[in-house]
Amino acid sequence: MLKVTITIVAVCICIALILNLWRLLKGPTISDRILALDTMYINAIALILLYGIYVESALYFEAALLIAMLGFVSTAALCKYLLRGDIIE
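Residue 75 in numbering that gives the first Met the number 0 is what sits at position 76 of the sequence shown, and the numbering runs on without skipping anything.
Calculated directly from the structure, the hints in this document are not laboratory data.
Backbone N, C-alpha and C define an ideal beta-carbon position, used for all residues, glycine too.
Incorrect hints may appear among the rest.
What the hints assert, rightly or not - Below, simulated SDA-like cross-link-like pairs (lysine to any residue); rule was C-alpha separation at most 20 Å, straight line:
| hint | residue 1 | residue 2 |
| --- | --- | --- |
| 1 | 2 | 67 |
| 2 | 79 | 51 |
| 3 | 25 | 42 |
| 4 | 2 | 52 |
| 5 | 79 | 38 |
| 6 | 2 | 42 |
| 7 | 79 | 36 |
| 8 | 25 | 35 |
| 9 | 79 | 35 |
| 10 | 2 | 72 |
| 11 | 2 | 36 |
| 12 | 79 | 7 |
| 13 | 79 | 14 |
| 14 | 2 | 31 |
| 15 | 2 | 60 |
| 16 | 2 | 58 |
| 17 | 2 | 50 |
| 18 | 25 | 13 |
| 19 | 2 | 51 |
| 20 | 79 | 32 |
| 21 | 79 | 60 |
| 22 | 79 | 30 |
| 23 | 2 | 21 |
| 24 | 2 | 40 |
| 25 | 79 | 34 |
| 26 | 2 | 44 |
| 27 | 2 | 59 |
| 28 | 25 | 67 |
| 29 | 25 | 44 |
What the hints assert, rightly or not - Okay, the calculated beta carbon distance ranges per label pair:
| hint | residue 1 | residue 2 | range |
| --- | --- | --- | --- |
| 30 | 57 | 6 | 14 to 24 Å |
| 31 | 55 | 27 | 37 to 47 Å |
| 32 | 1 | 61 | 19 to 29 Å |
Produce the entire structure from the sequences given, and follow the hints as far as they go.
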């Protein structure tokens, strides 16, 4: 029963990823595109965690943590670049 539920949730997250990709490509402003990219990171983390639960491996949880840290840093750097024009002060 858990495997079926994980599969259904994974399909829903994949649909959310496709919608985020559409917002990333067609976003009217750059801030919409940054938010879509950030949401794609979160959805990718959710997919990796679901796959880790599905195959019962703890390795995928560490990969999800690494992607979460990279997603946070890249979003912060991109916002700082848009606000100031440079990343390193």
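Item to complete: Find the hints from earlier in the document that the structure breaks and name them by number, from lowest to highest.
Response: When the structure is compared with the hints, numbers 1, 2, 10, 11, 12, 13, 14, 21, 23, 24, 28, 29 turn out to be violated.
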